[in-house]
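Listed here are the chains, written in short residue letters.
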Amino acid sequence: MLNYKFLLPILLLVTGSAAAQSSQAQFEVLKPDTSLNIYTYIDDCVAIGQRLRFQYRIKQDSARYAIPLQGHAAYADDVSIANSTVQKCMQQFNGDQIAIAPDSNVFRFKSMPWILGYAIAGRYDEVANLIAQELQYIPVDSVSELIAGYVDGLSKLLTNNIRPLNYGIIDSLLEPVYTALYPRERDVNAYASYLVALANYMNNKWTHWDRDGAMALASRIKLIVDSVGFTEEELEGLVGHNVYQFPEVVMRYNEVINYFGQLDTLRVNGPESYISIRQQSHQKALGVFADHFPLYVGHPAEPITPNRFIPLSSTSQNAMDSVIPRPGRMSFMVFLRDGCRIEGQSGHEDMRPYQRSQCWAAYGVLRRVKKAFPQLDVTVVTQTLGVFGSKLMIDSLEEIKAIQSQWHSFHNLPVNLAIVYTGYWRLPPPDSRRIDIDPPYVDAYFGYPMYPMGTPGHQIAYVISPDRKILSKAGLDQYAERELMEFLEAAMAWYDNGSSGPVPTFETSALDGKDE
Amino acid sequence: MADNNKILRQEDLKELAGRIIRMLDPSGSCAISLASAWRTGLRWSRNNVNVAADQRDITIVIQLISNGGISTVVTNQYDTQSLSNAVKHLEWKSKLEARDPSPLDASLHLNVPVQPPADVWSDNTYAYRLEDSEVVVDQAIQNARNAGVVSAGYLEVLAGSIYFYSNSDPNRGLISDYGELTKAQCSMTVRDPISQGSGWSGISTWDLGGMSQESIAKRSLEKCLASMNPVRVEPGRYTAILEPQAVSDLVTQLVVSSFSRGSPEVQQRGPFFLDRDESLGLNRSKLGLKVVDERISIWHNPSDVETGIISPRLGAQEVTWIKNGILNTLSHSDKYASDRLGETESVIGRISYRMSGGNSSIEDMISSSERAILVTRFSQPSMVHNGSMMSSGITRDGLWLIENGKITRALRNFRTLESPLFMLNNVEQLGVPTRVFHPGAVGHRTTDYLRFGAVNGLTSIIVPPIKVSDFTFSSSIDAV
Numbered sequence: 004m005l006n007y008k009f010l011l012p013i014l015l016l017v018t019g020s021a022a023a024q025s026s027q028a029q030f031e032v033l034k035p036d037t038s039l040n041i042y043t044y045i046d047d048c049v050a051i052g053q054r055l056r057f058q059y060r061i062k063q064d065s066a067r068y069a070i071p072l073q074g075h076a077a078y079a080d081d082v083s084i085a086n087s088t089v090q091k092c093m094q095q096f097n098g099d100q101i102a103i104a105p106d107s108n109v110f111r112f113k114s115m116p117w118i119l120g121y122a123i124a125g126r127y128d129e130v131a132n133l134i135a136q137e138l139q140y141i142p143v144d145s146v147s148e149l150i151a152g153y154v155d156g157l158s159k160l161l162t163n164n165i166r167p168l169n170y171g172i173i174d175s176l177l178e179p180v181y182t183a184l185y186p187r188e189r190d191v192n193a194y195a196s197y198l199v200a201l202a203n204y205m206n207n208k209w210t211h212w213d214r215d216g217a218m219a220l221a222s223r224i225k226l227i228v229d230s231v232g233f234t235e236e237e238l239e240g241l242v243g244h245n246v247y248q249f250p251e252v253v254m255r256y257n258e259v260i261n262y263f264g265q266l267d268t269l270r271v272n273g274p275e276s277y278i279s280i281r282q283q284s285h286q287k288a289l290g291v292f293a294d295h296f297p298l299y300v301g302h303p304a305e306p307i308t309p310n311r312f313i314p315l316s317s318t319s320q321n322a323m324d325s326v327i328p329r330p331g332r333m334s335f336m337v338f339l340r341d342g343c344r345i346e347g348q349s350g351h352e353d354m355r356p357y358q359r360s361q362c363w364a365a366y367g368v369l370r371r372v373k374k375a376f377p378q379l380d381v382t383v384v385t386q387t388l389g390v391f392g393s394k395l396m397i398d399s400l401e402e403i404k405a406i407q408s409q410w411h412s413f414h415n416l417p418v419n420l421a422i423v424y425t426g427y428w429r430l431p432p433p434d435s436r437r438i439d440i441d442p443p444y445v446d447a448y449f450g451y452p453m454y455p456m457g458t459p460g461h462q463i464a465y466v467i468s469p470d471r472k473i474l475s476k477a478g479l480d481q482y483a484e485r486e487l488m489e490f491l492e493a494a495m496a497w498y499d500n501g502s503s504g505p506v507p508t509f510e511t512s513a514l515d516g517k518d519e
Numbered sequence: 010m011a012d013n014n015k016i017l018r019q020e021d022l023k024e025l026a027g028r029i030i031r032m033l034d035p036s037g038s039c040a041i042s043l044a045s046a047w048r049t050g051l052r053w054s055r056n057n058v059n060v061a062a063d064q065r066d067i068t069i070v071i072q073l074i075s076n077g078g079i080s081t082v083v084t085n086q087y088d089t090q091s092l093s094n095a096v097k098h099l100e101w102k103s104k105l106e107a108r109d110p111s112p113l114d115a116s117l118h119l120n121v122p123v124q125p126p127a128d129v130w131s132d133n134t135y136a137y138r139l140e141d142s143e144v145v146v147d148q149a150i151q152n153a154r155n156a157g158v159v160s161a162g163y164l165e166v167l168a169g170s171i172y173f174y175s176n177s178d179p180n181r182g183l184i185s186d187y188g189e190l191t192k193a194q195c196s197m198t199v200r201d202p203i204s205q206g207s208g209w210s211g212i213s214t215w216d217l218g219g220m221s222q223e224s225i226a227k228r229s230l231e232k233c234l235a236s237m238n239p240v241r242v243e244p245g246r247y248t249a250i251l252e253p254q255a256v257s258d259l260v261t262q263l264v265v266s267s268f269s270r271g272s273p274e275v276q277q278r279g280p281f282f283l284d285r286d287e288s289l290g291l292n293r294s295k296l297g298l299k300v301v302d303e304r305i306s307i308w309h310n311p312s313d314v315e316t317g318i319i320s321p322r323l324g325a326q327e328v329t330w331i332k333n334g335i336l337n338t339l340s341h342s343d344k345y346a347s348d349r350l351g352e353t354e355s356v357i358g359r360i361s362y363r364m365s366g367g368n369s370s371i372e373d374m375i376s377s378s379e380r381a382i383l384v385t386r387f388s389q390p391s392m393v394h395n396g397s398m399m400s401s402g403i404t405r406d407g408l409w410l411i412e413n414g415k416i417t418r419a420l421r422n423f424r425t426l427e428s429p430l431f432m433l434n435n436v437e438q439l440g441v442p443t444r445v446f447h448p449g450a451v452g453h454r455t456t457d458y459l460r461f462g463a464v465n466g467l468t469s470i471i472v473p474p475i476k477v478s479d480f481t482f483s484s485s486i487d488a489v
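Protein chains in written order, with the numbering used here: chain A, 4 to 519; chain B, 10 to 489.
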């Protein structure tokens, strides 16, 4: 049930001309920026328009690729107008028929058929205008409802983002909108996904309530009271059972209850309150494990000798041994545990949606980090798993080739690749399961318990100084991105100044001076 | 007059596949699946025959692999013009299905046969004519009338053939398989609504020669007459002698729902979930542990024509689920095999199974019982607890009390609450395994039954009668 009574006004800065300018990049083949998850639905639609425009065909019986047109048409004011508009656009492409799939998404745009039609016709300025109009009517509570229905997969916002052949037009179209909506929409999205992630985190073996509970509770209060405007009672029934029950579970822990009582500023609204909450909850939680937070800052980064190092500039697979992080340059190293290698490949349907969303969100962050700091040495460290997609990989070289193909060719990610072989042993028969032995980098880099930015996941990023000292660490997700960017800005400025002056830290960049 | 064209046989299907292949792009990858089926049968109720049917159909499935996508067209028309239209439609669809280039070829995800399909064929069954059953059914109905009771039942005979062709597997080249089967099944219930008696008998088999319609009719009538004027006894735990059909009703639940690695090792549920191993970070199943009486083995062997299935798409593996009481194998998918086991082969779950037995006859079991209950079969047993497989059902079509080694009286039916695992851990005596009635899930089209129903429909279950202790009859009920 949607609740519009707390609908807040949104200021939009998008103009038709700006959108038209941005649409000039339409033929430049870029990969999708999936951190803009809230617009995924539009992305799908525009992407399909793009596919038609470039003479690609749409998979007929898959809701993932097909246009969820029925839902939009049913939601439109005049179904016949919507359909005829689409059909007219279709006729421009030799009468090709378009597949229609049932739509289960709650998040609907009234003018989606027209958006689609304009996208097919290549009139991207109109597409931008329609999107801008639609965004004025996104009720915040619809975001909550989406999340409520898909607790297990982070949220529908985060998971419906398979976008083959999705060109830069989408990002360039939406970026101004995204920027304009940032203070509210993006935060809400981040809070919501964070909340759901934590709800999923409940039964995870890495759960540490004493450490994460305060943050979770803080996020929930923030989401409810400040951003969304709901009271707790109104949230019940809208939000999934796990999410709603989550704080109650948390509150069983005396430490959290004690610290929660001291988090007074959680109830204070403000543009930077999210950072304040994070810092407070961190500090409060750190009261229990005071020694953990500073453990890694300033410590030497463990050198890794990957079995294969594939630099970004390489166009083919090279067996080039190299010790990373490479000295003498500022490094941004992303470590993957269990890989990020299934989406986009055959068999990816088996992957759990939240795993896919984690990877895709990270790709967007990585792409923007490299774009903002081209001199930064961005390296992804991953491991062989003996399987790629659903294909058994007996030959590690074949798997390395597939990994390289995925990162460099399929996703076009501007990163170096360092690949480490994974050993394994087997349980005795008849069980016979293969038990992977974590490569050394997992122990070295996944061991630190605290994340100043982002949430724990199967991917983790370290900022490492030219002399191989750890400067900070982050989970690669969209709600850590702002802080990460600010930190990297400070770190690169320090690097550009010859590494003189105080070494930047998390406290001195993103949070400095922004606390209450 | 003999009718020898009920289905398309091997040469016919090969010729048909050849016609289709010639219409397709010779450079493309394709898979063709052809199924031809014939089904005939009689149904009767309240002592009157009301259905006599003869159905024949063919299903043609053509798959084209193009640009990483798989497109499919299905038809049952095989004249040249219809096939041409189907192929044109397929080629049009293949353009829609085109996907992004992928490092992995879509053909890897097309199911192709692993081994040649098993044949389960009986000329005797294929030669069956409805007229052959006229006398038997008429006599069964007349006998019921004479006894003052009503009978209902059905007799079904079918035959089918499957041909599979694929040139899409780069590792195995051209694949061409043919298999054919026959099946016959008969079920008959005789009831006396006044005296509240009910009897039943039935069997599923591939060879009509092994199915005596006369004995089915005779046994169901005898059971009905013997079950009249039932009395109540207190519910509780009794020693139970379960006829093979009753054993099948409970054990099939175990085979169908529990022999899967996903339940214990991924979902932490089901009767075979052992515990969470925190040190390894994974869930352990009871594989390798004793789960039932050591006299019990449950297996499926595709070369055993009595339980063999025909299904080129499913492959054919021998699998032993339980061996001498020890959980030996659980099914798993291709994905599980590659991810967790480092293997390529899946283990496919099957309903068809054979269970080990002993030498005791039901008469031996009765004569050795001081106080026990003889059960014909169960109605609608449904699982009420996944972890223990506790199932609730009701007895039906014949329930008798045994006292001092003899059947003494007919009983009113009970609701039962029992787990097949508990039951198989309380075994006292085992009889000779025999084939039971298992109609399976029959679709509205016989060819679908052939193509997709191999697991659910074309199954044979061979189980022994069992004498078990402490079987729970939880409450007395009025249902007959």
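Please keep in mind that the hints were generated in silico from the structure rather than gathered at the bench.
Even for Gly, the Cβ is constructed at its ideal location relative to N, Cα and C.
One or more of the hints may lead you astray.
Claimed, not checked - Short derived list, chain A residues pointing at chain B, Cβ under 10 angstroms:
1) Arg371
2) Leu395
3) Ser399
4) Val423
5) Gly426
6) Tyr427
Going down the list of hints, with the structure as the test:
About 23 angstroms separates the beta-carbon of arginine 371(A) from the nearest beta-carbon of chain B, more than 10 angstroms, and the hint is not met. Among the interface hints, the one on leucine 395(A) holds; its C-beta lies about 4 angstroms from the nearest C-beta in chain B, closer than the 10 angstroms criterion. For serine 399(A), the interface hint is violated, since its Cβ never comes within 10 angstroms of a Cβ in chain B; the closest pair sits about 13 angstroms apart. Interface restraint check for valine 423(A): the shortest CB-CB distance to chain B comes to about 18 angstroms, outside 10 angstroms, so the restraint is violated.
At a threshold of 10 angstroms, the smallest CB-CB gap from glycine 426(A) to chain B is about 12 angstroms, leaving the interface hint violated. For tyrosine 427(A), the interface hint holds, since its Cβ comes within 10 angstroms of a Cβ in chain B; the closest pair sits about 8 angstroms apart.
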